[in-house]
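Student: Listed below are the residues making up each chain.
Number of protein chains: 2
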Amino acid sequence: MEDRRPHVVIVGAGFGGLYAAQSLAKLPVKVIIVDRKNHHTFQPLLYQVAMAVLSPAEIASPIRGIFRSHKNVEVLLGEVVGFDLEKQMVKFKDSEVTISYDYLIVAAGAGHAYFGHPEWAPLAPGLKTIEDALEIRRRVLMAFESAERRAAVGVPAPPLNFVIVGGGPTGVELAGALADIARRVMANDFRFIDPKQARVILVEGGPRVLAAYPPDLSASAEKQLNDLGVEVRTKTVVTGVEDGQVRIGDEVLPSAVTMWAAGVAASPLGKMLSDKTDKAGRVTVANDLTLPGHRNVFVIGDLASYADADGTPVPGVAPAAIQMGKFAAEMIEADIDREPRRTFHYLDKGSLATIGRSKAVGMVGKIHFSGFIAWLAWLFVHVMFLIGFRNRAFVMAEWAVTYFSYQRAARLITDRA
Amino acid sequence: MEDRRPHVVIVGAGFGGLYAAQSLAKLPVKVIIVDRKNHHTFQPLLYQVAMAVLSPAEIASPIRGIFRSHKNVEVLLGEVVGFDLEKQMVKFKDSEVTISYDYLIVAAGAGHAYFGHPEWAPLAPGLKTIEDALEIRRRVLMAFESAERRAAVGVPAPPLNFVIVGGGPTGVELAGALADIARRVMANDFRFIDPKQARVILVEGGPRVLAAYPPDLSASAEKQLNDLGVEVRTKTVVTGVEDGQVRIGDEVLPSAVTMWAAGVAASPLGKMLSDKTDKAGRVTVANDLTLPGHRNVFVIGDLASYADADGTPVPGVAPAAIQMGKFAAEMIEADIDREPRRTFHYLDKGSLATIGRSKAVGMVGKIHFSGFIAWLAWLFVHVMFLIGFRNRAFVMAEWAVTYFSYQRAARLITDRA
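Listed in order, the protein sequences are those of chains A and B. Mapping to the working numbering: the first sequence position 43 is 804, numbers consecutive. Mapping to the working numbering: the second sequence position 59 is 820, numbers consecutive.
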């Protein structure tokens, strides 16, 4: 017997795709969720994997596990390389595999942009995947190890500078966590070097860090970063990334590890859907988040460019992706129920950015707060938000142990290839 | 002021090196422990990482963390490439770094041997490091994913055969765990393939599995493997390992993933210490575990070839390495106290080999036992043995959750480079 339920194909199991699938799982549809990875990554905590506080399994859940009990949801691991919007087909890298859809939800997210210098990528890894986080962890830990090995035998070593490019939330998190770890955790582990002498330098091209926040919170964030020992350099544009150094105008800054948190580029799948993409490669969508001219194709999350009725662009943050995913599922439900489509509105519940242990900034409506209270709020929101009960309980336990003991059991260096 | 305490350099932070360092930490010596990895790996549980039951951080401890409170122990991360036994120097791959010693303990362990076919290595990974375990995990999980993707669109896929070469403890563990997972855990996760149809084939050249155990326990192990659904093929010699298949004489066995648990070769550092190495590259040592002619150079663990007074060779197992590590430290203490050296004796406390959930074999003296009791004994011994309190508690919790829920949160596929 042929399956008569509408087939919904979701490309990408980030926040947008995952919440779309969870909403659709309750409807009389067949859902196929496709991702290049076998796991959903809880990106807001990736920096903790990079800084060796958490293990990958603590912030990532296998997608099959999430949908085990939803028999109308199928999970396919594979790389989507294109679409045939007329024939309603999705094409895979594995060329023998194509799947057809009645509805398509593209939630392929974003990667890094290197200001037109893709050659900087291997020299300054960004932080979007578990693999990225493990690579940053490896480089940071190896920098300390290499300095210790040199110091043990009295051979000169380059200065232990860590340069983070980009003063948005990811850059601020990385800088704060790294300074904290160097001062408190690493300090007891080495005999020849003094990890407290490590310099953490956060470079931002604009006039202030956390530019999406109000100026008073940016100022607070900068002060909290300074308290942790981070050197914040605003209005500073990186002009070159090289092996062991970063160029800032004419100045050459030695850098044992350079990390990239500056630019975002939408998935190349955007350009395969539409000619109408913005500078970052995001697809301009209609009021119901569909591709103009294709009522059955939704584009959501970081891949979508959408402004609310008052002209405010919806930001590329997890809550927006989640709301978009749920909305796309509601529109498919509306079609099934023969109800009209609606216009998407983003509900901004507030923002939180963590800076380090007991340090953060936040705002809810017009209320701004910072320091320990903001950090507690951040901690609570993020732990509660983690997907999957088991992970949640384990992260709580892990953090409790980490917080009180300053042990870092996750501090493993594993090689690439 | 010059440090007058004897300098003891330990190469390798496996069981032998780690226990030597822990014993030496209490003596008036300076200890430098060197390893290529920044972590001690609890090898007996590596197969659980390979089978996606545990995460790397649950069976590996950063070496610096273990010795944090021992101020006379220094940890260096680096690759040793040779020795100058006359000048008492250790040479590193980082050519600017050499360190001198008064005592040297070489505990560099063993790797895989592919019956003279090193070209088989990339086709059939072994299981000695965290990286090995993650590679096997990736291949096994990807085999299921690839089969599901093909089945979803009706494209034929190769049979889901898993071939494990070598019927020693590692091969038996891998085979049992894989069969168990395919039947119980994977079964609910896929929509198009039936993971229960996966075949797990354990190939052993000799007449029985677990050849180091008495025949009745080998027979019991084979029966327990059969109960789990493993096909055991003894007296079967692998003549070729190719992409997607294994050759056994004239027979070609399709293999989605081939794993190697057959041969062991001592670290190449053995040949740099001595011309007197056995077939497996192990160094023949004197009664006090020193290199003949070099009273200040100990060779211990899997790198040492040593027979007890009655001619019984000391096996390459963790308890033997630990006893050797402690003994080497005692001999250095004897020198400090101007006492005579002694002869090393291996105390065999018994052996346990796990086969799968609730399945194992064991012997203590002349008592043989198998099944659930043996498995409980194995579980108890191994969890208690795990180094570091935190890991121990977490592994207990992790196992408890895993045992009752059959969830596999560690089931992440992470890419290699």
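These aren't lab readings, by the way, just hints derived from the structure by calculation. Any given hint could be a false lead.
Examples of chain B residues toward chain A, derived with CB under 8 angstroms [what the hints assert, rightly or not]:
1. E835
2. D1039
3. V1125
Derived EDC-like pairs: lysine to aspartate or glutamate, alpha-carbon spacing no greater than 16 angstroms straight-line [said to hold, decoys possible]:
4. K852(B) x E840(B)
5. K854(B) x E906(A)
6. K1087(A) x D1071(A)
7. K832(A) x D950(B)
8. K787(B) x D1011(B)
9. K832(B) x D950(A)
10. K854(A) x E1091(B)
11. K957(B) x E1003(B)
12. K1087(B) x D1071(B)
13. K832(B) x D955(A)
Values in this document were obtained by computation on a predicted structure and should not be read as measured data. Ideal placement from N, C-alpha and C gives every residue a C-beta, glycine not left out.
Student: Run every hint past the structure and note whether it holds.
Tutor: Going through the hints against the structure:
Taken as an interface hint, E835(B) checks out: its beta carbon lies about 5 angstroms from the nearest beta carbon of chain A, inside 8 angstroms. A distance limit of 8 angstroms between C-beta atoms decides the matter here; for D1039(B) the minimum to chain A is near 30 angstroms, and the interface restraint is violated. Interface restraint check: V1125(B) against chain A, minimum CB-CB distance 32 angstroms, threshold 8 angstroms, status violated. Between K852(B) and E840(B), the direct Cα distance comes to roughly 9 angstroms. Compliance with the 16 angstroms bound is thereby established for this hinted pair.
For the suggested pair K854(B) and E906(A), the alpha carbons sit about 14 angstroms apart, so the restraint of at most 16 angstroms is met. As the CA atoms of K1087(A) and D1071(A) are separated by approximately 22 angstroms, the hinted pair breaks the 16 angstroms bound. Between K832(A) and D950(B), the direct Cα distance comes to roughly 10 angstroms. Compliance with the 16 angstroms bound is thereby established for this hinted pair. Between K787(B) and D1011(B) the alpha-carbon distance is near 59 angstroms, which puts this suggested pair outside the 16 angstroms criterion.
Of the pairs offered as hints, the one joining K832(B) and D950(A) holds, with about 10 angstroms between alpha carbons and a cut-off of 16 angstroms not exceeded. Proposed proximity of K854(A) and E1091(B) is contradicted: the alpha carbons are some 60 angstroms apart, above 16 angstroms. A hinted pair counts as satisfied when its Cα atoms are at most 16 angstroms apart, and K957(B) with E1003(B) does not qualify at roughly 25 angstroms. Between the alpha carbons of K1087(B) and D1071(B) the distance comes to roughly 22 angstroms, so the proposed pair goes past 16 angstroms and is violated.
Proximity of K832(B) to D955(A) is assessed by CA-CA distance (about 14 angstroms); at most 16 angstroms being required, the pair is judged to hold.
In summary, the numbered hints that this structure violates are 2, 3, 6, 8, 10, 11 and 12.
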